[in-house]
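**Student:** Both chains are given apart, each in its own frame, so use the hints to dock them into the complex.
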Amino acid sequence: MMIEVKDLYKSFGRIQAVNGVSFNVEKGDVLGFLGPNGAGKTTTMRMITGFLPPSSGSINVCGHDVAKDPVAVKTEIGYLPENAPAYDSMTVINFLRFAAEIRGYHGKERDTVVSTAIEQCKLDSVRHQSIATLSKGYKQRACFAQAIIHNPPILIMDEPTDGLDPNQKHLVRTMIREMAAEKAIIISTHILEEVDAVCTKAIIINKGSIVANGTPDELKSRSPSKRLDEVFRKLTLGEEA
Amino acid sequence: MNSIKIMATIFKRELKSYFESPVAYVFIVVFLVLTGFLTFFVTQLYERQTADLLPFFFWHPWVYLLFVPAATMGLWAEERRSGTIELLLTMPVTMMQAIIGKFMAAWLFILIGVCLTFPIVFTVCYLGDPDMGVIMCAYIGSILFAGACVSIGMLTSSITRSQVISFVLSFVFCLILIIAGWPPVIRVLLEWKAPVWLVDAVTAFSLMPHLQSIQRGVIDARDIVYYLSIIIFMIMSTHIVLDNRKSA
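As you go down the protein sequences, you meet chains A and B in turn. Position 35, counted from 1, in the first sequence is what our numbering calls 35; the numbers after and before it change by one each time, with no gaps. Position 47, counted from 1, in the second sequence is what our numbering calls 47; the numbers after and before it change by one each time, with no gaps.
Next comes chain B alone, as it looks inside the complex (with noise of 0.2 Å):
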């Protein structure tokens, strides 16, 4: 019960330090200019004559590529730059506790945000009859995705000091894990005579089939674990990270 009293209190003390400056609330309205941009523009959503959100959907994991580390790079590099790491954990917390009220704050952040993407679904429902049912399950999915890639961003940040290096990282690692799957990679694999174990091993790691299963309105399980499993371990390696080099 404690625990999570003390998890409750990191956690709105960091989510509370996202709106304390404007960049917050600039990084919101960007986020839903450029998802309004893309799925109105680019993908012409007006122009398919379909009342669904497939291509609002489709552009979910490039937006998060670029939003994601932005959100994520200061959990950890900027308290170990200013110092407040020591006195974050010479505080009555457990290292755990730390990483995981920091951890739910970035996320619920990128939630706010996808949850701000409301007046689409209520636009297609106006146009026409869209299924609910796949619109939530593509919500679903793409708030685990971006669960993911947090935990992904939130492990960059803890391995340095510059919050630059930590968006760069994590961007790169987010880019690697969704474009693993991605055909153009596979066939190159193919093209190498790769062991199919090998080409299997590598899009069962990429983000995106998973996504992609359950923005068809398939929630399977193995989805879900997938995208679970992806977060403990980079807890997990987020606190071996910070127990060796927390002082460094």
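Looking at chain A on its own, in the form it has when it is part of the complex (with noise of 0.2 Å):
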């Protein structure tokens, strides 16, 4: 087991925003993350990458406790946060040596990681550029570049696809497929043809509880007319729909 989700639960003030997730990820999972926007995806997203503490229950990802080695767990974790934030007054290439240094690769060793990042996310034409003049894919993929620079076991990317153009998404896409086998993969999305494009596993959230889990086909079998579409309206908008 990868990542292993107990009974978590996250409130800002009255606000309840997880309310009660358990999940698992194994090796070669990719667990697309569905809800509306608000279902609280990213707020569970970041618990798992330590970013911000549970109000209670556990978090192990790779036999480690978030909550007492977050560290640990941050250095198996590769993470695309939503909007791909990154330094824009760097240069690519500066931008990855500085996530490759501060994932413990010096000298030779850090221009080879940041060189194969480079190459994997197709960033060799805007190398020397500034983030901050780069086109949304270019920053996205640099943002990416910078999640697999230490090859990590698990991958977490908040809205990967978010706001990129066709071609874009399928570049994101192919990435994310090449990379499933060895790696446990959770995607958050309200895009829904991406679970089927990537998804081995799907799980629902709807005002910070899980409503579904299961694999793309089993969610899609809940709806007499086999679409997800329909399947999510009804579990998330409950008797409206």
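Keep in mind that a hint or two might mislead.
Unchecked claim - 27 Å max Cα-Cα, derived BS3-like pairs, lysine-lysine:
#1 B:246 - A:207
#2 A:136 - A:122
#3 B:16 - A:136
#4 A:68 - B:246
#5 A:108 - A:27
#6 A:108 - A:183
#7 A:183 - A:136
#8 A:207 - A:226
#9 B:5 - A:108
#10 B:16 - B:5
#11 B:5 - A:68
#12 A:183 - A:122
#13 B:246 - A:122
#14 A:234 - A:220
#15 A:169 - A:226
#16 B:246 - A:6
#17 A:108 - B:16
#18 A:27 - A:169
#19 A:6 - A:183
#20 A:136 - B:246
#21 A:169 - A:183
#22 B:12 - A:108
As the list claims (entries may be wrong) - Covered stretches of chain B, going by a simulated chain A footprint (3 or more residues, C-beta under 8 Å):
#23 15 to 24
#24 74 to 84
#25 126 to 138
For the record, the hints were derived by calculation from the structure and aren't laboratory data. Since we're looking at a predicted model, the values are computed, not measured. Beta carbons are placed, not taken as given, at the ideal position from N, Cα and C, and that holds for glycine.
**Tutor:** Okay, here's the thing in structure tokens:
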């Protein structure tokens, strides 16, 4: 088991953002985390990556408890936050060198991992450009490169294809599929076609709770029309649908 | 060992980010022009006919008051505004390593500006025979003073996403700590018949008396402890603020 999440709760003041979420992810899984905006997807991911502490519950990543040994957990994870933040004033190559150094690569080793990541994410043409001048697709890939630079066993991506054009979406999905076999991957999305395109498992989360958990085909079979969007509407809107 | 390497990486990135934009060079040039102008024209270094740097060091707190908040306002506010704080803190670093790395970078940036004032030392050496011990002490005091201001600026930068608000807050915060021990303030307190312990406490908190005693050429452990404790307190406060507000 690479990621084990048990009874996770998180509240911000009176708002209950995550309400008793439990799930497991194994090697080779691509878990699609679905839900409407504000369902608690980002909060859950931030807790797994150690950015936010849970109010209660436990998260175990590759045998390390996030609460007890956050740094060990962070070394196992590659994380692409929502909107792909990156240091605007840095050039792509300097940004990746920084990410590599923080993860303990120095000297020649650093240059090797940086050039591998640049190649994998097809960033060669913009390597010396500052991130502020990049288009959204390149910026997304620069941040993606940062997430895979240490070849992590676990990859967590928060809306990795949000705001990209169809070609760029295709490229990102291809990259995810290529890496799927040897990693455990979690991607959050509200784009349902993505689940069909890359995921082996899917969780639908609404108002902080898991409302469905299974393979994409299992979820589809819940609706007479075998369409994921109908299942999604039914589960997240309840009676209103 | 590893921890130091990580801090050094954060430190390097932060320091480089100052020099990635022309702002840093403009900043340093304006800093030097302003200190030079104040020293030579306002306090009239030549006309005093004395080979010492008292008029020069007299201006340091006031120049820092303007420049340190400008140098520190982006430290955390910008990370929070652009969301890179999420990136930084999900890398295998502890919050403390990130804070110390950034603090050192901002402090060194100010230090670079201060070191570039060296021609003024040569000037008085050429014109007369100044007491180099006193000058060295004054530089050390000035650097410690700057460190305290940088730590205050880092704290105000951590409580907001707006660099402007951070600038104003740290300006006010530093100003209060500078004027707390100023004779006019003490006079006002005495006129209010404030108890002696209160007047003493206010003066003891002020950044100025500690600087003045170092500038006279006396390095007292108490003054150094004072500045270091301000820095440590501000670093701890930044840690607490960020723990609570990093995602806000």
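**Student:** It remains to establish, for every hint, whether it holds in the given structure.
**Tutor:** Structure-based check of each hint:
Of the pairs offered as hints, the one joining residue 246 of chain B and residue 207 of chain A holds, with about 23 Å between alpha carbons and a cut-off of 27 Å not exceeded. Taking the CA atoms of residue 136 of chain A and residue 122 of chain A, the gap is about 14 Å. The hint holds against a cut of 27 Å. Distance restraint check for residue 16 of chain B and residue 136 of chain A: the Cα-Cα separation of roughly 24 Å lies within the 27 Å cut-off, and the hinted pair is therefore satisfied. Among the hinted pairs, residue 68 of chain A with residue 246 of chain B is consistent with the structure: their alpha-carbon atoms are about 20 Å apart, no more than 27 Å.
Of the supplied pair hints, the one linking residue 108 of chain A and residue 27 of chain A is violated, its CA atoms being roughly 30 Å apart against a limit of 27 Å. Between residue 108 of chain A and residue 183 of chain A the CA atoms are separated by roughly 26 Å; this keeps the pair inside 27 Å, and the hint holds. Restraint check for residue 183 of chain A and residue 136 of chain A: satisfied, since their Cα atoms lie roughly 26 Å apart, inside the 27 Å limit. Taken as a hint, the residue 207 of chain A and residue 226 of chain A pair is honoured in the structure, with Cα atoms around 24 Å apart against an allowance of 27 Å.
In summary, the hint linking residue 5 of chain B to residue 108 of chain A is supported, as the alpha carbons are separated by about 16 Å, within the 27 Å threshold. Taking the CA atoms of residue 16 of chain B and residue 5 of chain B, the gap is near 16 Å; set against the 27 Å cutoff, the hint holds. Under the criterion of a C-alpha separation no larger than 27 Å, the hint pairing residue 5 of chain B with residue 68 of chain A is consistent with the structure, at around 22 Å. Distance restraint check for residue 183 of chain A and residue 122 of chain A: the Cα-Cα separation of roughly 20 Å lies within the 27 Å cut-off, and the hinted pair is therefore satisfied.
For the hint pairing residue 246 of chain B with residue 122 of chain A, the CA-to-CA distance comes to about 32 Å; that exceeds 27 Å, so the pair is violated. Among the hinted pairs, residue 234 of chain A with residue 220 of chain A is consistent with the structure: their alpha-carbon atoms are about 12 Å apart, no more than 27 Å. Between residue 169 of chain A and residue 226 of chain A the CA atoms are separated by roughly 24 Å; this keeps the pair inside 27 Å, and the hint holds. As the CA atoms of residue 246 of chain B and residue 6 of chain A are separated by approximately 24 Å, the hinted pair is consistent with the 27 Å bound.
A distance of roughly 21 Å separates the Cα atoms of residue 108 of chain A and residue 16 of chain B; the hinted pair therefore holds under the 27 Å criterion. For the proposed pair residue 27 of chain A and residue 169 of chain A, the alpha carbon gap of about 24 Å is at most 27 Å, so the pair holds. The suggested pairing of residue 6 of chain A with residue 183 of chain A holds, with an alpha-carbon distance near 21 Å, which does not exceed 27 Å. Among the hinted pairs, residue 136 of chain A with residue 246 of chain B is consistent with the structure: their alpha-carbon atoms are about 25 Å apart, no more than 27 Å.
At most 27 Å may separate the alpha-carbon atoms for a hinted pair to count; residue 169 of chain A and residue 183 of chain A meet this at roughly 20 Å. With a C-alpha separation of about 18 Å, the suggested pairing of residue 12 of chain B with residue 108 of chain A holds against the 27 Å cut-off. With a threshold of 8 Å between beta carbons, the proposed coverage of the stretch 15 to 24 of chain B by chain A holds, since 4 of its residues qualify and at least three are required. Counting residues of the stretch 74 to 84 of chain B whose C-beta lies closer than 8 Å to any C-beta of chain A gives 3; at least three are required, and the coverage claim holds.
Counting residues of the stretch 126 to 138 of chain B whose C-beta sits closer than 8 Å to any C-beta of chain A gives 0, which falls short of three, so the coverage hint is violated.
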